[in-house]
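Since the structure of chain P is provided, determine the placement of chain F on it from the hints.
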Amino acid sequence: MQSRTDESPVAWDRHTAHAFGDFLRHVGGLARRLDGPAGARILLDTTSAYAFAVGMFAVARVGGEALVPPNRQPGTLRELRSLCDRVLRDRGAASAAPESAPAVALDPLAHSGEPWPAELDPERPVVQLFTSGTTGRAKEIPKAWCHLDEVVELERRIGVDLPDQTRIFATAPHQHLYGMLLRVLWPLATGRMFQAESLLRPEELLPRLADTPASVLVATPAHLRHLVARPELCDLRGRVLRVISSGGPLPPATAASVESALGVPPVEIFGSTETGGVASRSQPAGRPTPRWSPFGQVRVRRDPGSGRLRVSSPFVSVGADPSLVGTLEFEMGDRAEVDDEGRFALRGRADRVVKIGEKRLSLEDMESRLREHAFVDDCALVVVDRSAEPRVAAVVVLSAEGRTALADQERRGLVQALQSQLAAHWDRVLLPRVWRFVAALPTDERGKLPQQAVLALVLERPTQPIILGGRREGDHLERELRVPTDLAALEGHFPGAPVVPGVAQVGWALAAAEELAGGELQLAGVEALKFKEMLLPGGQVVLEVELDRPRARVRFRVLAEGRELSSGRLLLLDAS
Amino acid sequence: MTDEALALEIKKIIVESLALEDIAPEEIETAAPLFVEGLGLDSIDALELAMSLEEKYGVTVGDDPDENQKIFYSVESLAQFVTVQRS
Chain P
1 MQSRTDESPV AWDRHTAHAF GDFLRHVGGL ARRLDGPAGA RILLDTTSAY AFAVGMFAVA
61 RVGGEALVPP NRQPGTLREL RSLCDRVLRD RGAASAAPES APAVALDPLA HSGEPWPAEL
121 DPERPVVQLF TSGTTGRAKE IPKAWCHLDE VVELERRIGV DLPDQTRIFA TAPHQHLYGM
181 LLRVLWPLAT GRMFQAESLL RPEELLPRLA DTPASVLVAT PAHLRHLVAR PELCDLRGRV
241 LRVISSGGPL PPATAASVES ALGVPPVEIF GSTETGGVAS RSQPAGRPTP RWSPFGQVRV
301 RRDPGSGRLR VSSPFVSVGA DPSLVGTLEF EMGDRAEVDD EGRFALRGRA DRVVKIGEKR
361 LSLEDMESRL REHAFVDDCA LVVVDRSAEP RVAAVVVLSA EGRTALADQE RRGLVQALQS
421 QLAAHWDRVL LPRVWRFVAA LPTDERGKLP QQAVLALVLE RPTQPIILGG RREGDHLERE
481 LRVPTDLAAL EGHFPGAPVV PGVAQVGWAL AAAEELAGGE LQLAGVEALK FKEMLLPGGQ
541 VVLEVELDRP RARVRFRVLA EGRELSSGRL LLLDAS
Chain F
1 MTDEALALEI KKIIVESLAL EDIAPEEIET AAPLFVEGLG LDSIDALELA MSLEEKYGVT
61 VGDDPDENQK IFYSVESLAQ FVTVQRS
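If you're matching them up, the sequences are chains P and F in order.
First residue of the first sequence: 1, per the working numbering; consecutive thereafter.
First residue of the second sequence: 1, per the working numbering; consecutive thereafter.
In case anyone wonders, no lab produced these hints; they're calculated from the structure.
Yeah, the Cβ is synthetic: ideal placement off N, Cα and C, and Gly gets one too.
Careful: at least some of the hints might be erroneous.
Claimed, not checked - Here are a few chain P residues that face chain F, going by a calculated C-beta distance under 7 Å:
1. 204
2. 207
3. 226
4. 411
5. 415
So here's chain P without its partners, still in its complex pose (with noise of 0.2 Å):
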């Protein structure tokens, strides 16, 4: 580890280069400015590394407290302001704030006093994060200095061999734990540079890394996997001198890319938000998965009960009270086997805690807020697989009141407001992608939600088009309709040619007429049905649909640009 002075640059910031001096004169003139009660919680809301430092480290300085938002949204950042006192936001994130963020805030970055003289107290609780639990809603993990401590231990195991000049890139976001540790508080503690800015396209990232002649690259397994696709990562052998990857199970075929482009296989390391780094491993090509192997102080063993991994360190903190410090116990959400020597193999999640984009996510308190909006009686939601990204796909049963909703408007107008419902507390990557719209949801012999139907139901063709728009006077409906690509009726009707079969419009004007009729209609007969031309997928019609309720019959036409593609008449056994 080299010597620190003054000079010795900390961070960099676009064009700038901050020094360790200007670093605890940023420090030491922020907390002359926060000087109040100690105890204090201040928000600290930073897109910029660097800022957040200064304001982790100040607020540590007047003894209060940092909540770190998890994410920016505006419903996250409206909920912590209520528990804080004061707002530190930089300039990236005041640039870029919700408009329902509280306007008066300080900037980390805008004040230089007397240097910090870099004491701290290391059982005080400095951080609040925040992370969705096993159950329920987010919960607040606060982390004393010694919890962070656990750099040393990373160094031990990541840092060996590292030239003096290494400096460290990062794609992983500094708010949550990983990306505070490895991306600012390693950097920090052994004396190496850290990037203030989170660079998150390849196109950003490589040409940094190219200019740089020894780099450490903290990543997540999203980011790596767009990275590896990049054939400009080889010309970075020798210069990218280890890649770290957290957050999420790492792809072998993406860590073995990593390795043919940079001639070394990357880090992976394992952790939560409570129990922060417990273990890490490397995959190198061609070999069979190692196992995972915990870090130093960290001892690991498998709950005989659950069959999920308990972690003891002094790096744990369960929330329940920010005093408890010292050696404590951590049941994961994860199911693990440990061998005789202690390292490890994961074998699945043991809740119902998913990851999108490195992101956690507890499905059921998702499920919770959903089921709040007045649109929604039940719902249950699960994970589809269907792009390079897992996506949260949502099975939702209407009320009477999202039933009427669905009528009116138009589909995308009512995904849109259970949507914004969710959109005030989660990171976009995190809503629902697919939206189904059920009667009712599957339940097993127990009356439990078996997760393999739902999937089901979000897997299924659809069998109705979508609806884009459409009025209803009386007993006359107007919708107006696209087919789409993908509809149940399609499959074999006919291969390579695709055509909207007579029955499924037969089909969508009876469900037209049973939303006129308020209910079920049983049909008796068709009469005078004409199919002029084709209905292809992806078209986009109109589908005009009259009950006639003292004859029961039920009219309909199928038009597009005008003409006429099809028409006919329901028979009904009774539709009064």
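For chain F alone, kept in the frame of chain P given last:
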């Protein structure tokens, strides 16, 4: 290709590559913001979309995060970017 045709093509790429459920390409407003307050795309979409545009047009964005945010602001700004890069 006219500006309008290019804009529509980009809208189709957005809907298809991101598997958007409730919007047809024609319904995306050319000048409206794509992220958060507009179409509501997120950071995962941003990476996916960049890859799809590169596959289709062979264009790559630069190293300035602020500039990239401007390029990905709307279909209009993306179309402009694609036109300039290909000319």
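Status of each hint after checking the structure:
no.: 1; hint: 204; result: holds (5 Å)
no.: 2; hint: 207; result: holds (4 Å)
no.: 3; hint: 226; result: holds (5 Å)
no.: 4; hint: 411; result: holds (6 Å)
no.: 5; hint: 415; result: holds (5 Å)
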